[in-house]
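J.: Residue 84 in this note's numbering is what sits at position 82 of the sequence shown, and the numbering runs on without skipping anything.
Please note: incorrect hints may appear among the correct ones.
[Claimed, not checked] Label pairs and their calculated CB-CB ranges:
| hint | residue 1 | residue 2 | range |
| --- | --- | --- | --- |
| 1 | 87 | 51 | 50 to 60 Å |
| 2 | 15 | 91 | 39 to 49 Å |
| 3 | 84 | 41 | 31 to 41 Å |
| 4 | 97 | 67 | 22 to 32 Å |
| 5 | 80 | 47 | 10 to 20 Å |
| 6 | 83 | 63 | 31 to 41 Å |
| 7 | 63 | 34 | 16 to 26 Å |
| 8 | 41 | 85 | 40 to 50 Å |
| 9 | 34 | 96 | 45 to 55 Å |
| 10 | 81 | 15 | 14 to 24 Å |
| 11 | 48 | 85 | 41 to 51 Å |
| 12 | 52 | 86 | 38 to 48 Å |
These aren't lab readings, by the way, just hints derived from the structure by calculation. Ideal Cβ positions, reconstructed from N, Cα and C, are used throughout, including at glycine.
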Amino acid sequence: MATTKINKREIKRKVISLETKINILDRLRNKERVIDVAKIYSMNEATIRTIRKNEDSIRKSVASGLQTSMSTTSCVRNVAMERMEKALMIWLEQRNGYEPKQRLME
Numbered sequence: 003m004a005t006t007k008i009n010k011r012e013i014k015r016k017v018i019s020l021e022t023k024i025n026i027l028d029r030l031r032n033k034e035r036v037i038d039v040a041k042i043y044s045m046n047e048a049t050i051r052t053i054r055k056n057e058d059s060i061r062k063s064v065a066s067g068l069q070t071s072m073s074t075t076s077c078v079r080n081v082a083m084e085r086m087e088k089a090l091m092i093w094l095e096q097r098n099g100y101e102p103k104q105r106l107m108e
């Protein structure tokens, strides 16, 4: 699970598998209500609506991939972007009076 720190508090983010998203989309196609699907999968209604909104891209992703790749999708990030984000975070922490926890060139 990915974590994000905000005000020294960790927020855990769940990664929803493509298989689960397809199951959710199938339920919505069968005229189940968003609130009912959200309760079944223990998710927020907004998450279910976002999955429904992205239905085309989710189904294309599953159709183009193999069965083994149905668990999750990943995105490769540019190294320069990662370094820039670290530098920006250090600068923001220094401006706000916090000591940087990580150095730029790790």
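J.: So, for every hint listed, does it hold in this structure?
T.: Evaluation of the provided hints:
A C-beta distance of roughly 29 Å is found between residue 87 and residue 51, which places it outside the suggested range of 50 to 60 Å. Range check, residue 15 to residue 91: about 18 Å between beta-carbon atoms, so the 39 to 49 Å window is missed. As the Cβ distance of residue 84 to residue 41 is approximately 38 Å, the hint placing it in 31 to 41 Å holds. Remark: the range hint 22 to 32 Å for residue 97 to residue 67 is contradicted by a beta-carbon distance near 43 Å.
Under the hint 10 to 20 Å, the C-beta atoms of residue 80 and residue 47, about 34 Å apart, miss the expected range. Distance hint check: the CB atoms of residue 83 and residue 63 are about 23 Å apart, inconsistent with the given range 31 to 41 Å. For the pair residue 63 and residue 34, the beta carbons lie near 22 Å from each other, so the given range of 16 to 26 Å is met. Remark: the range hint 40 to 50 Å for residue 41 to residue 85 is upheld by a beta-carbon distance near 43 Å.
Between residue 34 and residue 96 the beta carbons are some 50 Å apart, a value that agrees with the proposed interval 45 to 55 Å. Evaluation of the 14 to 24 Å hint for residue 81 and residue 15 yields a pass: the beta carbon distance comes to about 23 Å. For residue 48 and residue 85, the hinted distance range of 41 to 51 Å is not satisfied, since their beta carbons lie about 33 Å from each other. The beta-carbon spacing between residue 52 and residue 86, approximately 28 Å, falls outside the hinted interval of 38 to 48 Å.
Violation of the numbered hints given earlier is confined to hints 1, 2, 4, 5, 6, 11, 12; the remaining hints are satisfied by the structure.
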